[in-house]
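Asker: Take a look at the letters that make up each chain.
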Amino acid sequence: MKKIIKPLVSVVIILVCMSFQNGDVLCDAKTLKEKASKMLNPYKYDSSELTRILYKKKESVKEVEVLLFIGEKYRVVFEMEALPKQVEVRIYNKDKASKNRKMLFSSKDANADKKEFQFEVSKTRHIYVDYIIPPLEEGSYNGCAVFMVGYKSSFGK
Amino acid sequence: MTLKFLTVSVLAISVTLTSCKESTETSKGETSEEVADTLNNTPAVAEKEQEVSYNLPSALQIAYVFKKSGAGFDATLPNNKANVSKYNTSHYKSAVNFGIYSADLSYCLFNKKYPESKDYLKACKETGSLLGLNQAFESGDLANRFDKNITNEDSVVKIVSNVQLKTDVMFEQNKQKHIAVIAFAGAWTESTYIASQVYLKEKNKKVLASLLEELLLATPIIKALKSHESSEPEITSLLSSIEKINSEFNAIAAVKTALEKDEEMDLTTMAVTDAEIKTISESVKALRTSMVD
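First to last, the sequence lines map onto chains D and B. First residue of the first sequence: 1, per our numbering; consecutive thereafter. First residue of the second sequence: 158, per our numbering; consecutive thereafter.
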């Protein structure tokens, strides 16, 4: 039995060490989504998105198109604690290729230090979540951001 | 033995440290380039990448909106629960039918058909197990909680919503984003199939508006599937079937005009003929048949 334990422990150490190399250690989908889901109440869970953020030499933008139903009320919550460097979240009514798009929300206005925040929206079929990823600085590394969509349900009431 | 153990451990730590060092060097290299850029007076213009992804709604949300339109329940429409055993032939078949059963579960749930909902929850669990989703269905004795809360509609919906959340987490953890998109394509096909059949039977304008809302999802599904096209061989054929449905939808005169003007469509007042809906419903039915058979 002892003969098996030591090689087994060694393999576990190797696997743990390897998991630290790809930056995924920060992106624990389960923990992040469970935290986000607590902010949804009383809205019902609809969907969620985990976005991997890679800091590059220059500022970059990652956009997620969120599909909604026009007559419904939604709450969108963000869980940003797995980001080593602050990323601004902007929500628009149109995609980044559109010239006349309108910004509906910016995390900068909400509170610069907040790692969790929410936004409520209705009467639209789409919103576009833009992550404004700042340039890489020495010592910064990758991480991930989570958002979750909940809808207001009158079912059973 | 202790020496071997130490050797392997030291080797593991060395590999990690080497990798960290490489990573730091890369970062340093990039930072040096940035400094060089500054020295050359190159303005640090933001490099706006064209990286876009899609967050699709759940089968539960689609069914909730459909129920709000006043649509009736037709027990003949959902897929046969006994078909589960047919769906272990490929990841694609399991995923697409996991989505179909999720849509059936949601349709039954919002129509307060709780025994049927429980059966479809079981069908989801069984098809989900073929995709490695067991944990999403096994926590907290799901069947018992469902039974205990059956008189509390809000609690039953919460239980199913929680399964949906756990399923999404499992897809993420298992790095099965493409499977999640295929499953959603299945759920969308089933929801659209049910909506079109109910509309053709009831001819309710609100049901028609709800069906058209569902059809609007075809474009983002196509985009999402295209970004995973190389993941499973069946995606190409699935894509062409959804593209066909989408072109039939876009060919509706009122839709065509709205698209040309880049206007938000008011689907409650849109003029759509029965012939246009029949064409679409036949294509949806053909796609659905190819999935469930």
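One should not assume that every hint holds.
[To be verified] When the alpha-carbon atoms are kept at most 20 Å apart in a straight line, the in silico SDA-like pairs for lysine to any residue are as follows:
no. : chain 1 : residue 1 : chain 2 : residue 2
1   : B       : Lys225    : D       : Glu34
2   : D       : Lys62     : B       : Phe303
3   : B       : Lys238    : B       : Asn291
4   : D       : Lys152    : D       : Arg75
I should point out that these hints are in silico values taken from the structure, not numbers from a laboratory.
Asker: Now, for every hint given, state plainly whether the structure supports it.
Answerer: To see whether the hints hold, each was checked on the structure:
no.	hint	result
1	B:Lys225 / D:Glu34	violated (29 Å)
2	D:Lys62 / B:Phe303	violated (39 Å)
3	B:Lys238 / B:Asn291	holds (18 Å)
4	D:Lys152 / D:Arg75	holds (8 Å)
Comparing the model with each earlier hint shows violations of hints 1 and 2; every other hint is respected.
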